[in-house]
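Chemist: Sequence:
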Amino acid sequence: MNIFNKLKHDIITASTQLYNNSEIANHASIETPKDSFNGDLSSNIAMIIAAKKNVPPREVALKFKEILNELPYIASIEIAGPGFINFTIKADSWHTAIKDILQNESKFFEIDVDKNKNINIEYVSANPTGPMHIGHARGAVYGDVLANILKKVGYPVTKEYYVNDAGSQINDLVSTVILRYREALGEKITITEGLYPGEYLIPVGQALAKEYGDKLLNMDELERFKIVKNFAIQKMLDLNKEDLKELGVKHDVFFSEQTLHDNGKIEKTVKLLTDMGLIYEGSVPAPKGKVHAEWENRTQELFKSTKYGDDQDRPIRKADGSWTYFASDLAYAKDKIDRGANHLIYVLGADHSGYVKRIEATVKALGKEQVKVDVKICQLVNFVENGVPVKMSKRLGTFASVQDVNHEVGKDIIRFMMLTRENNKTLDFDLIKVKEQSKENPIFYVQYAHVRTLSILSKAMETIPQSYNSFEAGTYDLSLLSSEEEIEIIKLLASWTKTLETAAKYFEPHRVAFYLINLASKFHALWNFGKENNDYRFIIENNVELTTARLALAKAIQKIIASGLEVIGVEPMTRM
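Numbering (full-length UniProt numbering), first residue to last: 1 to 576.
Keep in mind the hints are simulated off the structure, nothing from the lab. All of these numbers come straight from a predicted model, not from anything done at the bench. Virtual Cβ for every residue (Gly too), placed ideally from N, Cα, C. Possibly wrong hints are sitting among the right ones.
With a cut-off of at most 30 angstroms between alpha-carbon atoms, the simulated DSSO-like pairs for lysine-lysine come out as follows [unchecked claim]:
| id | residue 1 | residue 2 |
| --- | --- | --- |
| 1 | 498 | 117 |
| 2 | 250 | 357 |
| 3 | 151 | 531 |
| 4 | 531 | 555 |
| 5 | 425 | 522 |
| 6 | 65 | 117 |
| 7 | 6 | 90 |
| 8 | 439 | 531 |
| 9 | 188 | 215 |
| 10 | 53 | 505 |
| 11 | 307 | 117 |
Pairwise CB distance ranges, derived in the manner of DEER restraints [to be verified]:
| id | residue 1 | residue 2 | range |
| --- | --- | --- | --- |
| 12 | 9 | 353 | 36 to 42 angstroms |
| 13 | 117 | 322 | 35 to 41 angstroms |
| 14 | 53 | 531 | 36 to 42 angstroms |
| 15 | 350 | 288 | 17 to 23 angstroms |
| 16 | 215 | 372 | 50 to 56 angstroms |
| 17 | 306 | 342 | 39 to 45 angstroms |
Sequences and hints are given; from them, build the entire structure.
Modeler: Given below as structure tokens:
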């Protein structure tokens with residue numbers, strides 16, 4: 001059990017002893033104070049109990065201090081501010097983290113999670129109308145790494161891609177592919193406005209011509225549409241799957257929107273909502289600002305979305321009687337719940353930020369408040385190539401595709417760089433910077449740290465085998481790791497599982513990248529101290545015991561960096 005969970009466990013035990021209540025203490029946090037003079041760890045338990053019991057928090061804190069002071073790993077306890085309890089941990093307890101990392105990983109990575117939670121995370125879900133652009137890559141990496149983190153801490157997770165293979169955009173795709181098919185047969189064509197002019201559909205038209213010849217030209221229009229639709233969607237979906245594979249992004253399920261129509265699931269979901277009194281006849285207000293050409297003031301079937309926090313009730317049928325996209329969304333959410341998910345996470349692009357409230361309303365209604373929902377928005381990526389911004393429009397046919405960027409810099413760089421900024425903030429992707437070999441390039445800095453740790457171990461095996469053999473045998477005196485810089489790194493290593501836990505709790509995978517950058521920075525700094533002062537060197541040939549302890553430290557750093565890169569989906573480098 002890591003030091004954070006150990007302290008949390010002991011606080012719960014003390015709460016039971018003092019107030020005969022462990023449940024309250026479950027809500028207490030154990031954090032690392034921003035300022036080191038506030039100790040190593042801090043808890044808000046006193047303020048939580050004080051609010052419940054209506055007593056002064058400092059009075060509660062003093063009671064906890066009296067009990068927790070007796071713990072063998074506590075050096076001192078101070079009460080700060082309104083009632084924060086700050087703990088200073090004994091050095092040998094920090095050293096235990098190194099032993100656990102090297103000798104007992106299962107114990108070190110032990111994290112308490114809700115075993116009853118079954119998470120479905122949907123991400124990417126790009127329309128199968130063309131290659132994926134770099135904006136899709138951000139959501140793909142965010143969702144994929146978040147799913148990895150959730151799995152790492154112990155949750156069951158299903159990673160899902162929603163294939164939007166029904167609707168008007170698919171009709172436009174089919175119309176474009178038919179034109180490209182005619183072009184492949186020798187006709188001169190014109191791609192009209194509203195269709196997809198990109199050259200990426202030329203091979204699809206050619207493949208269609210190769211398989212069917214000119215048979216489709218004289219075929220019944222509906223039959224031809226059906227054939228071309230299935231053909232084009234499969235080709236585009238295969239293209240997207242290949243892009244995702246090259247990016248290292250994996251999904252467990254590819255779910256077709258069309259199946260919701262074909263299997264009558266939309267009708268069943270609407271009937272369920274109708275029986276619940278959530279479908280009614282009404283009209284929706286005109287869109288704010290300029291009136292859209294498609295909008296008309298008419299009576300239609302609406303879902304009571306406002307009952308669950310949405311800005312307005314949502315139409316479920318179009319004027320022609322067909323289902324709206326939102327009706328499909330209702331049925332899709334119901335299908336996820338029916339498959340056993342009780343926590344739905346949706347990862348959307350910046351252009352879908354207006355969908356947050358309606359999705360939340362959908363899940364709240366269908367989940368009957370028993371299913372949790374979180375919608376995460378990934379903001380835009382500003383991609384620059386030769387100083388010229390690349391437009392991201394499939395309809396214009398000019399965009400920065402995932403494939404192009406992947407071939408330019410590689411998946412590992414893309415995946416890491418997509419996490420160097422919070423998902424809700426715009427990201428600048430600098431093609432020049434990501435290929436530099438300097439500390440200004442975060443992924444190089446982290447990979448270089450990993451390579452350096454391996455270099456230390458390799459050099460020790462050659463130059464001071466006695467230390468290396470002792471290290472390999474697990475015989476080392478970690479109390480020799482006593483410098484301020486070493487203890488600081490050890491504390492950071494000990495907080496790795498806490499970082500994972502926090503990243504999972506708040507759905508913030510960037511915390512892993514930030515952690516690795518911080519760890520690499522502290523390690524490089526310690527390495528550089530050794531250049532200036534021989535006492536700080538990892539390998540000191542006339543000091544076997546200290547070298548052995550520092551080899552253990554180097555190996556622990558290497559293992560945690562490798563663990564973090566694995567979570568991100570990046571291959572740790574072994575040489576440069």
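Chemist: Is 50 to 56 angstroms a correct range for the gap between the Cβ atoms of residue 215 and residue 372?
Modeler: Taking Cβ atoms as reference, residue 215 and residue 372 lie about 51 angstroms apart, which means the hint holds.
Chemist: Holds or violated: residue 6 and residue 90, Cα atoms, limit 30 angstroms.
Modeler: holds (14 angstroms)
Chemist: Between residue 307 and residue 117, does the CA-CA distance stay at or below 30 angstroms?
Modeler: Measuring from Cα to Cα gives roughly 26 angstroms; hence the hint holds.
Chemist: Holds or violated: are the alpha carbons of residue 498 and residue 117 at most 30 angstroms from each other?
Modeler: holds (19 angstroms)
Chemist: Between residue 151 and residue 531, does the CA-CA distance stay at or below 30 angstroms?
Modeler: Violated, at roughly 41 angstroms.
Chemist: Between residue 53 and residue 505, is the straight-line Cα distance small enough, at 30 angstroms or below?
Modeler: Since the Cα atoms of residue 53 and residue 505 sit roughly 27 angstroms apart, the hinted pair holds (cutoff 30 angstroms).
Chemist: Please check whether residue 306 and residue 342 have a Cβ separation lying inside 39 to 45 angstroms.
Modeler: This hint is violated: roughly 24 angstroms between Cβ atoms.
Chemist: Quickly compare the C-alpha distance for residue 250 and residue 357 to 30 angstroms and report which way the hint goes.
Modeler: With a Cα-Cα distance of about 27 angstroms, the restraint between residue 250 and residue 357 holds, given a limit of 30 angstroms.
Chemist: Look at the Cβ atoms of residue 9 and residue 353 and judge whether their distance stays inside 36 to 42 angstroms.
Modeler: holds (40 angstroms)
Chemist: Cβ-Cβ distance between residue 117 and residue 322: within 35 to 41 angstroms?
Modeler: holds (36 angstroms)
Chemist: Are residue 53 and residue 531 spaced within 36 to 42 angstroms by their CB atoms?
Modeler: Violated, since residue 53 and residue 531 (Cβ atoms, about 56 angstroms apart) do not stay within the stated range.
Chemist: Sort out whether residue 522 lies within 30 angstroms of residue 425, counting only the CA atoms.
Modeler: The given pair, whose Cα atoms are some 26 angstroms apart, holds under the 30 angstroms limit.
The earlier numbered hints that this structure contradicts are 3, 6, 14 and 17.
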